[in-house]
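K.L.:
Protein chains in written order, with my numbering: chain A, 12 to 108; chain B, 6 to 333.
Because the hints were derived from the structure by calculation, they are not lab data.
Note that the structure is predicted; figures quoted are calculated from it, not measured.
All C-beta atoms, glycine included, are put in the ideal place defined by N, C-alpha and C.
A portion of the hints provided could be inaccurate.
[Stated by the list, open to error] Some chain A residues flagged as far from chain B (calculated, every beta-carbon gap over 10 Å):
1) 28
2) 34
3) 36
4) 37
5) 42
6) 52
7) 57
8) 58
9) 63
10) 77
11) 85
12) 86
13) 89
[Said to hold, decoys possible] Looking from chain B toward chain A, a few residues come up when the C-beta cut is under 7 Å (computed):
14) 85
15) 89
16) 100
17) 225
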Amino acid sequence: MSDRSDARPPRQVCRCEEIGDDEIRGAVAAGARGVNDVKRATRAGMGACQGIYCVPAIAALVAAETGLPMERIAPMTARPPARLLPLERLAEPDAPS
Amino acid sequence: MIERAEVAVVGGGPAGLAAAIAAARHGARTVVLDEGSAPGGRLRYRAAAVGRADAASAPATLLARLVADAVAAGVELRTASVVWGLFDGPLLAVDDARAPYQLGVDAVVLATGSTDLPAPFPGATLPGVWTGRALQILINLHRVRPGRRVAVLGAGPEAAEVAADVRLAGCEVVVTVPVGPAGEGVEAEGVGGLDALLVDGRRHAVDLVAVAVGRQPDAALAQMAGHALAYDPALGGWAPLLDGNLRADGGGVMVAGDAAGVTTVEAALEEGRLAGVSAAAFLGLATEQELADKRAVYEAACPGRADLRRRLAPAFTQTHEWEATEDR
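Isolated chain A (complex conformation) (with noise of 0.2 Å):
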């Protein structure tokens, strides 16, 4: 579990799931080497904004714990919808599967 007292103010990275650069921090250290890596772990880019806002963020804190260069973190899997969509949308008979 993250420990909160330490010297360091928790940071809210992921807002939509509540997700602190703490537990991201927590998921690097235990093996996550990339954003959907820490999406799987925690949740982190799960939530409304589907990683719109707080991919970089991660990616960030991804590349400053492993050492590795932002240009070998990879982004987040961009998947349909790219917009927030009532469900009843995607269930139209016409609409792609």
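Given the structure of chain A, go ahead and fit chain B onto it with the hints provided.
P.N.:
Relative to chain A, chain B alone:
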């Protein structure tokens, strides 16, 4: 329902409108899809003049001229139209709040713009902490003064622009802090709302923090369609890898403006024009010579950007990873 158009432009900001005008002038049946209630993108909420400060360079004047040119060229402008997917074809999935539909096109120009970069400092989720662009929309589009005492975070053109805008709205810029995207050195303080910003331990009483540390390309549609991305800080992060005519690999997909790497309005306009001619050439409606001429104009106007694009190496291509890693 599948509709057809020859060229679809996703995003009706400066790059998208310029692309649509150029494609339509070459005879392509062109549709612009914009998720906003009106076309214009950043021109809708920008106060600063574009280029020289004269009446013709006011964003509203420039936007009115672009819209008039688009309509005169026969461009169909569809607002409140969200493009939520780009599939092989190219085939666009569109939702316009009346009925979802698919738009099959011969070529598509992605001019989806950019989003603000985060700076996850402690306290950044307090009410009163805004991104710079959100503030510009509040001030310049909705005419709301968002606070009185403002701290501006950032060191680039976004920070300068938002500082000017909040002053225009009657706010006082109490402190400007050149933080980077990591938001190091600052901490917001308050209970239930913002009271102060601590900068290296020093307390500044503010009721508004503008996070203006930069922008990042919105390249999600290109990425989900399987086009390669390249990383460069000068582009704002991950941007689609494009050839000299702004084509993504695979042909009928062009990218222009902030979506191709964050840039100025002036460069977005030039790049949009080239993307529009590139789309027309892809359809056989513009000649290779016309395309080469337009490309020369663009490279002369944006030499650094064209050079940078030549140096980019493909760093990342998304396969259908959700299929490949199902069992992980």
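K.L.:
The structure should be examined with respect to each hint, and the outcome stated for every one.
P.N.:
Against the structure, the hints come out as follows:
1. Remark: the non-interface label on residue 28 of chain A is consistent with the geometry, its nearest Cβ contact in chain B lying 12 Å away (cut-off 10 Å).
2. No beta-carbon of chain B is positioned within 10 Å of the beta-carbon of residue 34 of chain A; the least distance is around 12 Å.
3. Residue-level check passed: residue 36 of chain A sits 12 Å from the nearest beta carbon of chain B, beyond 10 Å.
4. For residue 37 of chain A, the condition that its CB be more than 10 Å from all CB atoms of chain B holds, with the nearest at approximately 16 Å.
5. With a closest Cβ-Cβ approach of about 13 Å to chain B, residue 42 of chain A is found to remain outside the 10 Å limit, as its non-interface label requires.
6. With a least beta-carbon separation of about 12 Å from chain B, residue 52 of chain A lies farther than 10 Å from that chain, consistent with its non-interface assignment.
7. Residue 57 of chain A, annotated as away from the interface, keeps every beta carbon of chain B farther than 10 Å; the closest lies near 13 Å.
8. The beta carbon of residue 58 of chain A is kept farther than 10 Å from every beta carbon of chain B, the shortest such distance being approximately 13 Å.
9. Taking the minimum C-beta to C-beta distance to chain B, about 5 Å, the non-interface status of residue 63 of chain A is violated against the 10 Å cut.
10. Under the 10 Å C-beta cut-off, the non-interface status given to residue 77 of chain A relative to chain B holds; the minimum distance is some 15 Å.
11. Not every Cβ of chain B is farther than 10 Å from the Cβ of residue 85 of chain A; the closest lies at roughly 5 Å, contradicting the non-interface assignment.
12. Once the 10 Å rule is applied to beta carbons, residue 86 of chain A is inconsistent with being away from chain B; the minimum gap is 5 Å.
13. Not every C-beta of chain B lies more than 10 Å from that of residue 89 of chain A, the closest at about 4 Å, which undercuts listing it as non-interface.
14. Hint on residue 85 of chain B is violated. Least Cβ distance to chain A is approximately 12 Å, over the 7 Å limit.
15. With a least beta-carbon distance of about 4 Å to chain A, the hint placing residue 89 of chain B at the interface is held under the 7 Å criterion.
16. Hint status for residue 100 of chain B: holds, given a least beta-carbon distance of 5 Å to chain A, under 7 Å.
17. Look at residue 225 of chain B: its Cβ gets to within about 4 Å of chain A, closer than 7 Å, so that hint holds up.
Violated hints for the displayed structure, listed by number in ascending order: 9, 11, 12, 13, 14.
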